[in-house]
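Peer 1: Below, each chain spelled out in residue letters.
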Amino acid sequence: MVPAQDNCKLTISGVVMDESGAVLPGASVQLNNTNRGTATTALGKFAIEKLCKGRYTILVQYLGYQPFEKTIALENSADFSINLQPSEQVLQEVIVADHATTATRSNSTASLNSRQLAEVNGKSLGETLQNLSGLNSIQSGPAIFKPVIHGVHSQRILILNNGIRQEGQQWGAEHAPEIDPFVAHNITVVKDAGAIKYGTDALGGVIVVTPAELPTDQKMGGEIHLVGNSNGRAGTVSGLLEGGIKNAKGWGWRLQGTSRRSGDANTPEYVLSNTGFREMNYSASVGHHSENSGFEIFYSRFNTTIGILKGSVNESTADLATAMNREVPANTSDFTYAIREPRQEVTHNLIKVNSHFNCDKNIYRLQYGLQINNRKEFDVRRGASLTALPALAYTLYTHTFDAERETTISDLHTRCIGWNGMVQDNNKLDGTQTLPFIPNFRNYSTGVFWIEKFSHRKADYDFGLRYDYRHYQVAGFNFQNKLYKTEFGFGNVTASAGAAIKLSETTSFITNAGSAWRPPNVAELYSLGTHQSAAAIEYGLLLDEVTSQVNKIENSNVAPEHALKWVNTLKYQKGKWQLEATAYVNYIFNYIYLKPRGITETGRGPFVYFRYTQTDASFTGIDASSQYELSKKFSVRVGTSLLRARDVTQKDFLIFIPPNRGDVSLRYESLKNEKTFFAQMRLKCVAQQNRAPRIVTTAEILAAKDQGIDLFIQDSRNFDFLAAPEAYALLSVTTGLSLPLHNTKLDFRLSAENITNTRYREYTNRMRYFANEIGRNVSVAINLSF
Amino acid sequence: MLHIKLFSMKSQLKVFLGVALLSGVALLSGCDKDPEPENIPEEITKVVLTFTPAGGAPVVVEANDPDLDGPQDIVVGSIALAANTNYTLSIQMFNGFYAPTDSEYNVTEEVEEEGAEHQLFFSWSEGAFSNPSGIGNIGATGTVNYTDSDENGLPIGLSTNWTTGTATTGKLFRVMLKHQPDIKSASSTSADGESDLDITFPLSIN
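Line by line, the protein sequences give chains H and W.
Residues 332 to 1117 (this note's numbering) are what the first sequence spells out, left to right.
Residues 6 to 211 (this note's numbering) are what the second sequence spells out, left to right.
Next up, chain H with everything else stripped away, as it sits in the complex (with noise of 0.2 Å):
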């Protein structure tokens, strides 16, 4: 090659994602017949300047992700959009590792890498999740998140994990996704509704959990993951192994174990007693690929033991007062490891085998899923023998059955059609002595769905549509422990469509609108009695408050929820500029939410009750982010989550609506002898929740109920306990470097949260009415990779 010296002024750019379209900081861009080279910045973006005419061997690499390599004849500067494939993945494997049928383009999505997964050190998924701009979590202490999407949670967020729709019991606030998060190689969230081939109740939207691809080289390797945290003690170590089989071409497998414990985690000023956990998960898996088709057995355990505060226990209302007054909660003791009353213990088991073979243009996929989940609550009772009992235990079974085909009719066109089956078996575990809080029921849920998706011209489109149907058998007690037993059905129709259009080569447009439907869960339908775990007396919405005997539901009013969603994002990107922002309308008819009622008085006193309660309700946000490249080493990122949820039946605000809140970020990242360094400060800021129902204090309650006053007869808007916490921020640090040893990568990553040790209230968070949230803590963790 003899370069004209007055050609040598071209550049070879571009951004580096990886398979879910998420830039990936830091990845080494090489030109390999010349000693030039760069990585990329934290936008993803490279670019190698004064460069001649000539022929160039590109090779982009990044740790865990296939290297990408490309020869070009350079005549005019060019410039590079590259999707590296994580590595191992030689095909379109099963439904949920296919990126492409699960969020489309024309979806509106958030991921976060396996970098970015990384970075969290382990949190819990939920905990995780809230990194994402427009998701949050309901909580229940500082160990139990659950995810929320633009204001809706629990039964309105689907869960698929490995490609099974996760069933476990999730019918309580406080009952915690069962997924270990180190079994995510990576997260997506679509935050639309309708969820076209999995079924009904994705109101609010989809978190995909999707572990690496199997391999199918005989090469073993592995990683290790150690982390501790100050704040509750707590350590994790976490171990994957995995490797191909020996003369048996495609076999691969992988095993893979987490063990967390934490003990008590502590405010700036006191320790939340009783607050610790224990979890002990662990997974296995073996496959084959050729291809033309492949096969994949998974079985995952997950295993936690959470306790819940001591101190949001309470005798009785007049206790209750007590303990939302006091600054530092009831039963505060030393810190300690051990879980005592109230706790839960919660066995996710779930066993997976699936397969794909093409053929024509076909390609067929099947799976089978079994999970089975064992829930038990063990309370404070009179007794120890019976405090040695759960007060409530069930195991769920869950037997899921896909199976679609999924055809390319152009290359610009394809089509998917499918059926899902679902059977639930829901059975108390006898000898608790309490009435069950839930009835024993079993469900048989059947679904077919179509889609279609096409691009023309700039433009990609997609739809939609699935029909649902499921039959309930339930068979339970009521106050008087007398057996009750009923079945009932409901079906309904699921469709969306989207499009995805670019208008510039740095704009992009999305939309998608969507109708999702769910039925009523039987917890909310049929709940009785006292949840102690989440200390609180709760009623379905069939149990009648008159006569305390459970209705029935075609003597009801009770009708399914049903959404419609338009989620709308813009993207722009140009030079050193990333801009995002999404606006979405939520409008969910049959809204079902727990509502404090009043107060009923018992033999022990009187105690608060909230009863499960149906309204139409509106939820319309804005979440917006913009990344600008300071300098090649130097970021900021500002994003933004603004949300307002209405009652409007009742012309009232909701309660447990996350608040507005804001974030900036500042992160240095260095790359030298494929060496990196990142340092990264962020502040996040949460407002006050000012669209909050009205305060009604159970002292008030009380007073009014000892003048033979109902309160909530004469005005039935919702109500708080207590008033809305005040606004807050939090500052946190993360620093991690990252060191290439021979064929491994050693990571060592030191990070801060709440560094100015912030005394707050979560709004969200149920634990707020008795205490403040953690104080700071400094986190450690060591990765090795190999």
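Treat the hints loosely; a few may be bogus.
[Claimed, not checked] Below are the SDA-like pairs computed for lysine to any residue, each with C-alpha atoms no more than 25 Å apart in a straight line:
1) Lys1036/H x Ser83/W
2) Lys883/H x Pro40/W
3) Lys816/H x Glu43/W
4) Lys1036/H x Pro46/W
5) Lys38/W x Ile703/H
6) Lys813/H x Phe99/W
7) Lys707/H x Pro40/W
8) Lys816/H x Gln880/H
9) Lys1036/H x Thr205/W
10) Lys907/H x Ala378/H
11) Lys51/W x Ile703/H
12) Lys38/W x Thr726/H
13) Lys707/H x Thr113/W
14) Lys38/W x Asn809/H
15) Lys38/W x Asn882/H
16) Lys707/H x Phe102/W
17) Lys883/H x Glu43/W
18) Lys176/W x Ala652/H
19) Lys813/H x Asp107/W
20) Lys813/H x Pro46/W
21) Lys1036/H x Ala85/W
22) Lys51/W x Asp1037/H
23) Lys1036/H x Pro40/W
24) Lys51/W x Gly762/H
25) Lys813/H x Ala104/W
26) Lys1036/H x Gln77/W
Derived from the structure by calculation, the hints contain no laboratory data.
Since chain H is already given, all that's left is putting chain W on it; use the hints.
Peer 2: Positioned in the frame of chain H, the structure of chain W alone reads:
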């Protein structure tokens, strides 16, 4: 090659049909029996206070809460006592989830047997009683005339003595049963342990 055959479309379908069949069989063989009702030993649905004057007819007052934590409020009777009279109060507790012939029905006996873990506390509107005077021992340090005791010689409170004051109306009488396993001592109070009962009765002295 072997593995190609193993994972041909046909054999995969066979595996799936097999799995589906097996799980179908497992489902069908799952028993469709009705769930068994739970024994509910720790609940009190009915409390009876019997004030017996020396030589006179006893005054019997009930509190009933058949649905426990259900939405219906407890129904509490009113206590009407004669002025300046000595009464012995005996308290009985019942669990209406059992038949009256069942040994679990009478909770009083269980409380008595486990006397070392239980204590009844009382409070009342000032002036209702001349003996004991004061306002009682719930959230206060007044005396109560206990006439029974547990194996450690500490009071239980299933039987107590009272002398009414002069005629008065609109007073309240509160009864609290505390479960205090490993807690009950000469110095334990109504603030310790868990409440098994906490009922406030209207009281008038005629």
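Peer 1: If a hint holds in the structure, say so; if it doesn't, say that too.
Peer 2: Do the hints match the structure? See the list:
no., hint, verdict
1, Lys1036/H x Ser83/W, "17 Å, holds"
2, Lys883/H x Pro40/W, "19 Å, holds"
3, Lys816/H x Glu43/W, "16 Å, holds"
4, Lys1036/H x Pro46/W, "30 Å, violated"
5, Lys38/W x Ile703/H, "20 Å, holds"
6, Lys813/H x Phe99/W, "18 Å, holds"
7, Lys707/H x Pro40/W, "18 Å, holds"
8, Lys816/H x Gln880/H, "13 Å, holds"
9, Lys1036/H x Thr205/W, "14 Å, holds"
10, Lys907/H x Ala378/H, "12 Å, holds"
11, Lys51/W x Ile703/H, "40 Å, violated"
12, Lys38/W x Thr726/H, "16 Å, holds"
13, Lys707/H x Thr113/W, "30 Å, violated"
14, Lys38/W x Asn809/H, "18 Å, holds"
15, Lys38/W x Asn882/H, "22 Å, holds"
16, Lys707/H x Phe102/W, "24 Å, holds"
17, Lys883/H x Glu43/W, "23 Å, holds"
18, Lys176/W x Ala652/H, "24 Å, holds"
19, Lys813/H x Asp107/W, "17 Å, holds"
20, Lys813/H x Pro46/W, "16 Å, holds"
21, Lys1036/H x Ala85/W, "23 Å, holds"
22, Lys51/W x Asp1037/H, "21 Å, holds"
23, Lys1036/H x Pro40/W, "38 Å, violated"
24, Lys51/W x Gly762/H, "24 Å, holds"
25, Lys813/H x Ala104/W, "14 Å, holds"
26, Lys1036/H x Gln77/W, "13 Å, holds"
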